[in-house]
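The primary structure of each chain is shown beneath.
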Amino acid sequence: MTAVIEARNLTKHYGTTLALDRATFTIPAGRIVGLLGPNGAGKTTTLQAILGLTAVAGEVRVLGRDPFEDRQALMEEVCFIADVAILPRWLRVADAVAFVEGVHPRFKRATCEAFLARTQISLSAQVKQLSKGMIVQLHLALILAIDAKILVLDEPTLGLDVLYRKAFYRSLLEDYYDGQRTIVISTHQIKEVEAILTDVIMLRHGQVVLDSAMEDLPGRFAQLQVSTPAAREAARALAPLDERQAFGQSFFIYGGADPAALAPLGTVTPAALSDVFVALMGQGERA
Amino acid sequence: MKTWYWLIRRELWEHHGSLVRAPLIAALVCLVLNGMGLLLGEVNLGGHLIHVASMSHLASISADQVGQGLDVLLASVVLLIGLLMGFTVFFYALGALYDDRRDHSVLFWKSLPISNTQTVLSKVLVALVVAPAITLGVGLVAGLTLLAMASLVMVYHGLPLEWWFAAHPLRVIGTLLSLWPIYVLSALPTVGWLLLCSAWARGKPFLWAVVLPVGAAMMLTWLQWMGLPNLHAWAGLGQLLLGTFPMATSGLTLHHWGHSDGWTGLVGNVWSAAMSAPALWIGALLGVVLVAGAIAGRRRCVGA
Chain A
1 MTAVIEARNL
11 TKHYGTTLAL
21 DRATFTIPAG
31 RIVGLLGPNG
41 AGKTTTLQAI
51 LGLTAVAGEV
61 RVLGRDPFED
71 RQALMEEVCF
81 IADVAILPRW
91 LRVADAVAFV
101 EGVHPRFKRA
111 TCEAFLARTQ
121 ISLSAQVKQL
131 SKGMIVQLHL
141 ALILAIDAKI
151 LVLDEPTLGL
161 DVLYRKAFYR
171 SLLEDYYDGQ
181 RTIVISTHQI
191 KEVEAILTDV
201 IMLRHGQVVL
211 DSAMEDLPGR
221 FAQLQVSTPA
231 AREAARALAP
241 LDERQAFGQS
251 FFIYGGADPA
261 ALAPLGTVTP
271 AALSDVFVAL
281 MGQGERA
Chain B
1001 MKTWYWLIRR
1011 ELWEHHGSLV
1021 RAPLIAALVC
1031 LVLNGMGLLL
1041 GEVNLGGHLI
1051 HVASMSHLAS
1061 ISADQVGQGL
1071 DVLLASVVLL
1081 IGLLMGFTVF
1091 FYALGALYDD
1101 RRDHSVLFWK
1111 SLPISNTQTV
1121 LSKVLVALVV
1131 APAITLGVGL
1141 VAGLTLLAMA
1151 SLVMVYHGLP
1161 LEWWFAAHPL
1171 RVIGTLLSLW
1181 PIYVLSALPT
1191 VGWLLLCSAW
1201 ARGKPFLWAV
1211 VLPVGAAMML
1221 TWLQWMGLPN
1231 LHAWAGLGQL
1241 LLGTFPMATS
1251 GLTLHHWGHS
1261 DGWTGLVGNV
1271 WSAAMSAPAL
1281 WIGALLGVVL
1291 VAGAIAGRRR
1301 CVGA
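Respectively, the protein sequence lines represent chains A and B. Following my numbering, the numbering of the first sequence begins with 1 at its first residue and continues without gaps. Following my numbering, the numbering of the second sequence begins with 1001 at its first residue and continues without gaps.
Hints were generated in silico from the structure; no laboratory data involved. Being a predicted model, the structure only gives us computed values, none of them experimental. Each residue gets a CB set at the ideal place from its N, CA and C atoms; glycine is no exception. This list has only true hints and no planted wrong ones.
Stretch-level coverage of chain B by chain A, calculated; a stretch enters the list once three of its residues show a Cβ under 8 Å from a Cβ in chain A:
#, stretch
1, 1008-1017
2, 1107-1119
Sample of chain A residues with no beta-carbon within 12 Å of chain B, all distances over it, derived:
#, residue
3, PRO28
4, ASN39
5, VAL162
6, ARG170
7, ILE190
8, LYS191
9, GLN207
10, SER227
11, PHE247
12, SER274
Build the full structure now, drawing on both the sequences and the hints.
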C-alpha cells in the first residue's frame, strides 16, 4: 500500500519548549488514523507540519510533496478542518459556498448544497448567526464536497454537544470515507473515535510512543483483573504499564506480556484504547 | 484569473462597511449638507446672496472663472472622499493579515488552494486599485450631482447658461485619473509597511506600525543634532505612514498646480514634478520589499 504521508524525525522548538522530538511515522492510503495525545503532546504541530502551515526540522512528505514549500498545490488534494468555529464571522453561507467553488477545482456545489439542505442552516445567514454546531456542519458541508485524497481534522468536535458529535462522525463515515481516502483525526476524546479508527498514533512530549493498526492492539496490550492481594503482588511483579483500583478489584495494563503468564492470576481481556492511552501517557510521569 | 476575482470579492465582503458603505455615506452627507445650504440660501435670503454676488460682480466675473470654480467643486468632493479613503485603507492594510490570525479563520483560508503570495497581493490590489476606484466612482457621481444642483440654482436665478458649459468635468476626471499612478507609487511604502506589521505582529499591530517608525525618526533627529547628516527622517516617516492619503506624500505643492497652462500643461507639470522626485521611487521600491516581507510573514505565521 502506498504511503500518503511520510514523516521522519520531525522536530520543532517553540522557544525553549520542544513541541516535536524526532517524531517519525508513515500513513498509508485509505486509513483512518487517530493522532492521540494529551494537550501539549505535539498533535497540532504535527498536523501543521503535514499541512504546510509551519516549517519544521526533519522531513515530511505528503502525496510526495513538501507541504511547506508546496502548500498551494497540496491543498487541491488535502482538506482540513483545523478547529471548530474558525469560519470568519462576517462570511455569509452562500458566499462561503461561492468562494470555495470559485477557488477550488475539486469542489462540487451540488454535494455541498445537498448536505446543507439536511441542516437548519439558511444560505443567507452569516456565520456569526450560526450556533457552534451549525458552523461545524457548514464547514463539513464545504469540505465533504471537495474530492480530496486526504482529510485532516484537528479536534473537530471540541465543544459540541453529543448529538452534533455523533452526527459529525456519521457523516464522515457515510458520506465521505470510501476506502480510498485517508483521514487523520487528532483528538483527545478517544472513546468517540475508537470505533471508526483503523490505525492509531500516540504522541507524548513530541515523541511517537505508539504507532499501530487497531486490529493489532489486542495482541499487544492486555488488561488483567485480579481480586486477591496475593495475585495483586504477583501481577505487580510482571511490570504492568498501569494499575488502577475499582470496586475492590485491581486492573493492570500490560504491553507485550505473555497471556499464559497472566491468565493464572485473574481475568485477561484485551485492553481498551483509552486504557492503553492512559497507561502510555503515564509512563515516565510516575517514574 | 478566477481566483483573483474571488479574492477581491472576499475582501469586499469582509470590508464592505469601510470600502463601500463609508464613501457612499460620506458622499450622501456631502450632498445633503450642500443641498441644505443651497435651500437655506433660497428660503432665508431669497437667493439674495447669489443675486448680490452675481449682480455686483457680473461684469468682473468671466465664464472661465465660473468654470474653474465648478471644476474645483467637482474635484474637491472627490478629494474629500479621498481623505476618508486615506483612513480606511490605512486600517484595512493594518488588519488585512492580522485579523484572521486573531480569530483563527486564517486556518480556513489556508485550507484552500490559494498561495500566500496571491493572498497578500490581493490585499495590495484592493488598497491601490479597488479602493481608489470606488472612491473615484462615488466621488465623481456625488460631485456631478452637486454640480447639477448648483447649476440648477444658477439657472433659476437667471445666470447665463453658457457658464455651465465653462466647466470641464471631463478634464477634471482626466486629471484625477492621471493622478492614480502617483497615488499607487506613494501609497506603496505605507501599504507595504502596514501589511508587514499585519503579517508578523503577535499582537497590537498598530503599535508596531506607528511607534516603531516614530521612535526611529526621533532617534535619527537626535543623531542629526549630534552632528550626523540629515537623513530626512520625518519625510520618510510621512511616506511610511501617510501614503494612503492621496497626494499627501507625493511632494507636490500648490505651486505645481498653479503654474499650468490648460489641462495638458497641468497634468504635465504635476506628473513631471511628482515622477521626477527620487523619494517617490525609493519609497515605491521599499514598498515592494515590504510586501515581499509581508508574504514571508504570511507563510510562517498562523497564530496571533
